[in-house]
Amino acid sequence: MAQSAAPAAASPALPITPLPLKAILPWAVFFGMLALVLLYFVGAEQGATSLVAGSDVHEWVHDGRHLLGFPCH
Amino acid sequence: MNSTTVRSLLVRGMLAGLVAGLLALVVAYLMGEPRVDAAIAFEDSHSHEHEMEIVSRSLQSTAGLATGVLIFGVSLGGIAALAFCFALGRVGRFTPRATAVLISGAALLTVYVVPFLKYPANPPSIGDPETIGKRTTLYFLMIALSVLLAVAAVILGKRLAPRLTTWYASVVAGVAYLVAIGLAYAFLPAINEVPADFSATLLWQFRLAAVAIQLTLWTAFALTFGYLAERVLTPRPAKSEAAEANSESNTAAWTAASAG
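Residue numbers (this note's numbering), protein chains in the order written: chain Y, 1 to 73; chain C, 1 to 260.
Mixed in with the good hints, there may be bad ones.
Unchecked claim - Here are a few chain C residues that sit away from chain Y, every Cβ distance over 10 Å (derived from the structure): (1) S3; (2) V26; (3) A41; (4) L65; (5) F86; (6) G105; (7) L145; (8) A152; (9) R163; (10) G174; (11) V175; (12) L188; (13) P195; (14) F198; (15) A200; (16) T201.
Said to hold, decoys possible - Per the computed footprint, the stretches of chain Y lying under chain C, defined by three or more beta-carbons under 8 Å from a beta-carbon of chain C, are: (17) 35-41; (18) 58-72.
Calculated from the structure, these hints are not laboratory results. For every residue, glycine included, the Cβ atom is placed at its ideal position computed from N, Cα and C.
Can you build the whole structure from these sequences, using the hints too?
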């Protein structure tokens with residue numbers, strides 16, 4: 001929890017090595033996209049834009065949309 | 001090995017997001033739902049044409065609310081875990097737990113609080129259906145701006161750190177972020193569609209509940225994911241050695257805790 005200002009001398013007991021970008025990228029691209037699509041359905045589908053006809057999705061997540069701060073109606 | 005680490009952190013991020021979502025759901029149900037109901041009562045007393053109910057109120061306020069909040073929690077938990085993988089050891093020399101707290105705090109601030117201060121959450125009966133497109137665009141634009149500017153501020157801070165020391169570099173980066181956000185607030189159009197006779201108290205209570213939901217979500221996420229990530233990333237020798245391997249202060253704290 002120490003200041004990041006602490007120079008290289010700080011706790012050698014716990015070396016924090018960054019995870020390589022190559023290992024992160026595939027997960028980030030695939031799951032990042034998936035998560036954004038899910039958030040779109042909770043936050044905006046059948047509001048400003050509509051991929052599925054009707055208003056069932058909108059009505060179902062209606063309360064969540066209001067309380068999570070997304071524009072609704 | 002590293003790819004498996006990312007995978008297990010991602011899985012734990014979504015799990016922590018689910019836990020955080022459940023707690024946020026409790027807050028949403030207890031604090032938020034009474035205000036949604038009150039706002040709908042206001043709406044009904046003003047329009048005499050009754051819309052056909054597609055999903056009943058009792059379903060909307062329970063299963064519907066749960067669907068929304070839990071998907072929100074799991075999705076953001078996953079994204080936050082990926083951001084954590086990237087930030088760990090790159091933003092500064094923070095432990096996994098501290099990094100989890102930093103990422104969660106940054107997410108709460110940039111994804112929610114900063115956009116909220118310009119375009120706050122609104123209960124039913126506020127908002128003209130005609131302007132939903134504009135309002136949605138502006139809200140998501142504000143989130144994107146806020147996150148991108150925060151990333152830019154962190155990069156700026158990292159660049160300045162060697163010259164200014166970490167403390168002053170962070171202060172400069174923080175001020176730069178606030179100035180940029182202030183400009184965005186000033187230039188993006190304002191939206192105010194609150195009916196003149198809508199209860200100010202109800203609006204305040206609704207928005208307070210909306211903030212409480214996010215505060216609960218991100219606090220619970222920070223603590224749960226921090227705990228899980230620390231376990232994934234800290235090699236665990238046998239119990240007796242674990243105490244020795246830790247720093248003196250930790251050992252002292254552990255001994256005190258187990259003695260007490």
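Now for the hints, and whether the structure bears them out:
1. At roughly 5 Å from the closest C-beta of chain Y, the C-beta of S3 (chain C) falls inside 10 Å, breaking its exclusion from the interface.
2. Consistency note on V26 (chain C): stated as away from chain Y, and its beta-carbon is indeed over 10 Å from all of that chain's, at 12 Å minimum.
3. Look at A41 (chain C): its CB is around 14 Å from the nearest CB on chain Y, clear of 10 Å, so calling it non-interface holds up.
4. The non-interface label for L65 (chain C) is inconsistent with chain Y: the shortest C-beta to C-beta separation is roughly 4 Å, within 10 Å.
5. Residue placement check: F86 (chain C) does not keep its beta carbon more than 10 Å from all beta carbons of chain Y (closest about 6 Å).
6. Distance check for G105 (chain C) against chain Y: the nearest CB is about 13 Å away, which clears 10 Å, and the non-interface claim stands.
7. At roughly 16 Å from the closest C-beta of chain Y, the C-beta of L145 (chain C) stays outside 10 Å, upholding its exclusion from the interface.
8. The claim that A152 (chain C) is not at the interface with chain Y holds, since no C-beta of that chain comes within 10 Å of its own (minimum 18 Å).
9. At the 10 Å boundary, the C-beta of R163 (chain C) stays outside the reach of chain Y, the nearest C-beta of that chain being 13 Å off.
10. For G174 (chain C), the condition that its CB be more than 10 Å from all CB atoms of chain Y holds, with the nearest at approximately 14 Å.
11. Separation of V175 (chain C) from chain Y is adequate, the least Cβ-Cβ distance of about 18 Å exceeding the 10 Å criterion.
12. Every C-beta of chain Y lies more than 10 Å from that of L188 (chain C), the closest at about 14 Å, which supports listing it as non-interface.
13. Look at P195 (chain C): its CB is around 13 Å from the nearest CB on chain Y, clear of 10 Å, so calling it non-interface holds up.
14. Its beta-carbon lying about 14 Å from the closest one in chain Y, F198 (chain C) satisfies the requirement of being farther than 10 Å from that chain.
15. The beta carbon of A200 (chain C) sits about 18 Å from the closest Cβ of chain Y, which is more than 10 Å, so the claim that it is off the interface holds.
16. Once the 10 Å rule is applied to beta carbons, T201 (chain C) is consistent with being away from chain Y; the minimum gap is 17 Å.
17. Counting residues of the segment 35-41 of chain Y whose beta-carbon sits less than 8 Å from any beta-carbon of chain C gives 5, enough to reach three: the coverage restraint holds.
18. Counting residues of the segment 58-72 of chain Y whose CB lies closer than 8 Å to any CB of chain C gives 14, which reaches the minimum of 3, so the coverage claim holds.
Checked against the numbered hints above, the structure breaks hints 1, 4 and 5 and satisfies the rest.
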